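Chains G and E supply the protein sequences, listed in that same order. Under the working numbering, the letters of the first sequence match residues 4 to 418, in that order. Under the working numbering, the letters of the second sequence match residues 4 to 418, in that order.
Just so you know, not all the hints are guaranteed correct.
As the list makes no split between identical chains, a pair holds if one copy fits it or if it spans any two.
Said to hold, decoys possible - In silico DMTMM-like pairs for lysine to aspartate or glutamate, Cα to Cα no more than 20 Å straight-line:
#1 K112 <-> E79
#2 K262 <-> E231
#3 K112 <-> E261
#4 K114 <-> D162
#5 K248 <-> E365
#6 K346 <-> E320
#7 K248 <-> E225
Bear in mind the hints are in silico, worked out from the structure with no lab data behind them. Fair warning: this is a prediction, and the values are worked out from it, not measured in the lab.
There are 2 protein chains.
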Amino acid sequence: MGTVGSGTFNVLQGNGAEITRRTGAEVKVAQVAQRRANPACDMGTTAITDDIFAVATNPEIDVVVELIGGYEPAKELVLTAIRNGKHVVTANKALIAVHGNEIFAEAAKHKVTVAYEAAVAGGIPIIKSVREGLAANQVNWLAGIINGTGNFILTEMRDKGRDFADVLKEAQELGYAEADPTFDVEGIDAAHKLTILSSLAFGIPLQFDACFTEGISKVSQEDVANAEALGYRIKHLGISRRTDKGVELRVHPTLIPEKRLIANVHGVMNAVLVDGDAVGPTMYYGAGAGAEPTASAVVADIVDVVRGLQVSPLGYESMSDMPVLPMEDVETAYYLRMMVTEKPGVLAKVTKILGDGGISIEAIQQQEHHSAQVPVIILTQTVREGQMNAAIAAIEDLVEVSGQVTRIRVENLDG
Amino acid sequence: MGTVGSGTFNVLQGNGAEITRRTGAEVKVAQVAQRRANPACDMGTTAITDDIFAVATNPEIDVVVELIGGYEPAKELVLTAIRNGKHVVTANKALIAVHGNEIFAEAAKHKVTVAYEAAVAGGIPIIKSVREGLAANQVNWLAGIINGTGNFILTEMRDKGRDFADVLKEAQELGYAEADPTFDVEGIDAAHKLTILSSLAFGIPLQFDACFTEGISKVSQEDVANAEALGYRIKHLGISRRTDKGVELRVHPTLIPEKRLIANVHGVMNAVLVDGDAVGPTMYYGAGAGAEPTASAVVADIVDVVRGLQVSPLGYESMSDMPVLPMEDVETAYYLRMMVTEKPGVLAKVTKILGDGGISIEAIQQQEHHSAQVPVIILTQTVREGQMNAAIAAIEDLVEVSGQVTRIRVENLDG
């Protein structure tokens, strides 16, 4: 009974009458398993146990709601519940992204549902929208702001000119970021969610290990300001796209045109843009975290079970063996920033390397600077990541270029 | 086989393999009923009839898809199909908004589904999102841009400083607006859709006749520019809100803060903002019309039937008798524009009428003008519409005020 557990309990109690009006049935919390009591949650006369496996075997229970988080004992609890013929509702993105294939197979064997709407983008019904609402489509691509902490940090960096470390500290004080912020700021949380979205969109098995993951911890105030000046915003996106060669699966900071609706999703809010071949671009927006928004999704899954709405968890009866594309084969545009010695011929060397590598330049800008080293900003056209890797290595080898080249991918998100 | 009919046929054919992969079943067009052949749609060897009732009685057909539009013969076709035990999928908002209660009752009697995702906001899965995705919530309010033609016109008026009549003519040439644009520009189409959304959100019977409906045909370029200068945009919204006294149900031009995400939904795109008590604000965005986006929703409904996903059409097993609030009891803020004779004491008279009527002024602006008549702009705080009606009547009675007072409602949309 942590944050989401208490939220779920409270929503079930507070909106019990509305849920009964919707479903014609009463949803009753039969038993709560908790290690420690949560003083914030008044559970009245609800039966409580400290043996978490008790709920998985309790014959009076139809649906087990797993809100522990992490891999174990969540995985064992879920599998035990399934093997005891119970439907499972979970908000556990890490569990689904990493062990979902095994869990879903077990659920199919026992003819029960595993529902996990709350695992991606909190209260936004994105799982249902992709799996059912867009079921007529071949999805072309999707791109989402699916980590509220990261979006809060990038929003503050842009709005107030603050630095990453400074905003992260505030986010931790506000409770938006964990004491160990690695999962959020290094993109692992977003990669869990993107892995799930990608499988839902394309009908491929969950392949978390194949997800390219780059966080926002290296995004500098300078890059945020440069993006702004170029008409872009930097957002931390999870992107998955169907190509002839495979499915792209990548989480990284991304420059997107400021006029895109998703570029205007601020603070801790989440949004997922899904482009289907029939419907075109659609977007789903809302709170990606928090007790009650997450509970909204958990309880919606319970209501689905009560209503007898059962779809295979990823929405496909037969899976595709389309491979996940290696990152070096992904094609995207780039923003590059490098510090060069201000002398004639340097730009010629840099642009020659790009040209020789088959990389077209969209824009180039040498910024004013009060030292011998000046920043050069380059926007490229779309090129294969492998070609860009080679070009960046060659540029970094130039004696006139100091330090590393900063590279942020650029996506137009227009279809 | 008009626009949406051909689109649906094409999506079913083009994405047939994907749909089979998703459902494990093959969806076959068993028969097409059409009055006239559509040369744009190659139906191959599909059985065709010109007797539309043939599909409603054909024993080989499980699902009848009604894409005729309008009340009759669509209503008779749908009822005949239901009475013959067929599930019905329809994109017909007018039919559902006006005859939905009767049709849903008949469907319940015959234990078949009536699905109508395409009736509201085209390809956006908004019906499913409200009915299922947000089922844990008591919805507080919803507000939608649910007529693409109207949003295209308002977007052009703002972006290019053009007049209503001028843009309407272009919209007609582009095929965005009908030769008779009444349904779109006078808000009737939006009122159909809002009626449906309101019943889904609050579990009240469909009450199209109770919907307050004001179109955009009287929105002037001057008001669009004034709104912009005040930090607002004018959008044609359908708004439904739960209050202690009843449910608001109203379609009208609305000033909304420009920083709201929905204020940045441009052109023919649609978006619906739904605020639930657990989830908070969520938004759903996409194409609200067009052959393939609408077909995306029609085919999603078919897939639901194939998957055996049956929910009562409005998502409630027991309906509420909460009344629809008369417009004069609705509380909102207002933008007022009036032409007054420029002489001392006029503003005092106007503000006295407002004050005596219990109306607080948020901002007042007397604009410069090169004539004896000057425009005065007033933003008020929230007040009951009945009080505002009385105040406007009194202001119009002043000899110093010429013509009518322009009144556009203002909504903050922040929860």
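The hints, checked one at a time:
{"no.": "1", "hint": "K112 <-> E79", "verdict": "within (16 Å within a copy, 44 Å between copies)"}
{"no.": "2", "hint": "K262 <-> E231", "verdict": "both (11 Å within a copy, 17 Å between copies)"}
{"no.": "3", "hint": "K112 <-> E261", "verdict": "neither (47 Å within a copy, 52 Å between copies)"}
{"no.": "4", "hint": "K114 <-> D162", "verdict": "neither (50 Å within a copy, 55 Å between copies)"}
{"no.": "5", "hint": "K248 <-> E365", "verdict": "neither (26 Å within a copy, 59 Å between copies)"}
{"no.": "6", "hint": "K346 <-> E320", "verdict": "neither (62 Å within a copy, 76 Å between copies)"}
{"no.": "7", "hint": "K248 <-> E225", "verdict": "neither (36 Å within a copy, 53 Å between copies)"}
Hints 3, 4, 5, 6 and 7 from the list above are not met by this structure, while the remaining hints are.
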